[in-house]
Amino acid sequence: MHSPKRCKLCGHENTSYSIIKNGFKKSCLTIPKVSEKPAYLILEKQRFHCKKCCSYFTAETSVVERNCYISQNTRLAVLNKSIDIRSQKSVAEYCHIINSTVTRIINKAAFETPLKNTEINSVAPKLQTAVKTLRKHNSMIRNTFE
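Numbering (our numbering), first residue to last: 1 to 146.
Honestly, the hints are just simulated from the structure, not real lab data. Just so we're clear, the structure is a prediction, and the values are computed from it rather than from any experiment. Careful, some of the hints might be misleading.
Taking lysine-lysine and the PhoX-like style, the derived pairs with C-alpha atoms no more than 25 Å apart in a straight line are [unchecked claim]: (1) Lys89 x Lys33; (2) Lys37 x Lys89; (3) Lys8 x Lys51; (4) Lys52 x Lys8; (5) Lys5 x Lys33; (6) Lys132 x Lys108; (7) Lys52 x Lys21; (8) Lys8 x Lys26; (9) Lys108 x Lys81; (10) Lys136 x Lys108; (11) Lys8 x Lys33; (12) Lys51 x Lys5; (13) Lys51 x Lys26.
Hey, can you work out the whole structure from these sequences and the hints?
Right under this line is the structure:
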């Protein structure tokens, strides 16, 4: 089990039990298919209470972004499936998420900070073309609005 070093809200250091454990928060996360069947992960995140500022906060994980229920691996699966010539609807059905989520994931990937050249070499060869295309479209869109 982990204990936070500081309160996320007030920044008070965790000394002499000033931050205590306060139950769990259950989250049902969508993860990529297992044996071609939909898969979900029930994640119990530790809740904490800061006695200094009387606030509550939840432990974070690298499996999902904060306030999200779609795993990082599912997001990567959406991007991987969208490289193939498929409709967003078929990608959504395959990944067991809604169509608007697929749109948001693709748009976010298109407008995020571009990868460094050293990072793009570590991406799977099939994804390299997609990343380069997204970079090109991203720069064209930015030039339109400037």
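Quick rundown of the hints versus the structure:
The straight-line distance between the Cα atoms of Lys89 and Lys33 is roughly 17 Å, inside the 25 Å bound, and the hint therefore holds. With a C-alpha separation of about 18 Å, the suggested pair Lys37 and Lys89 falls inside the 25 Å cut-off, and the hint holds. Distance check on the hinted pair: Lys8 and Lys51 sit about 12 Å apart at the alpha-carbon level, within 25 Å; holds. About 12 Å separates the Cα atoms of Lys52 and Lys8, which keeps this hinted pair within 25 Å; it holds.
Among the hinted pairs, Lys5 with Lys33 is inconsistent with the structure: their alpha-carbon atoms are about 36 Å apart, more than 25 Å. Straight-line distance between C-alpha atoms of Lys132 and Lys108 comes to about 15 Å, which keeps the hinted pair within the 25 Å bound. Taking the CA atoms of Lys52 and Lys21, the gap is about 14 Å. The hint holds against a cut of 25 Å. Pair hint Lys8 plus Lys26 holds up; C-alpha atoms about 20 Å apart against a cutoff of 25 Å.
For the hint linking Lys108 to Lys81, the alpha-carbon distance of about 16 Å falls within 25 Å, and the restraint holds. For the suggested pair Lys136 and Lys108, the alpha carbons sit about 15 Å apart, so the restraint of at most 25 Å is met. Proposed proximity of Lys8 and Lys33 is contradicted: the alpha carbons are some 34 Å apart, above 25 Å. For the hint pairing Lys51 with Lys5, the CA-to-CA distance comes to about 14 Å; that is within 25 Å, so the pair holds.
Distance check on the hinted pair: Lys51 and Lys26 sit about 23 Å apart at the alpha-carbon level, within 25 Å; holds.
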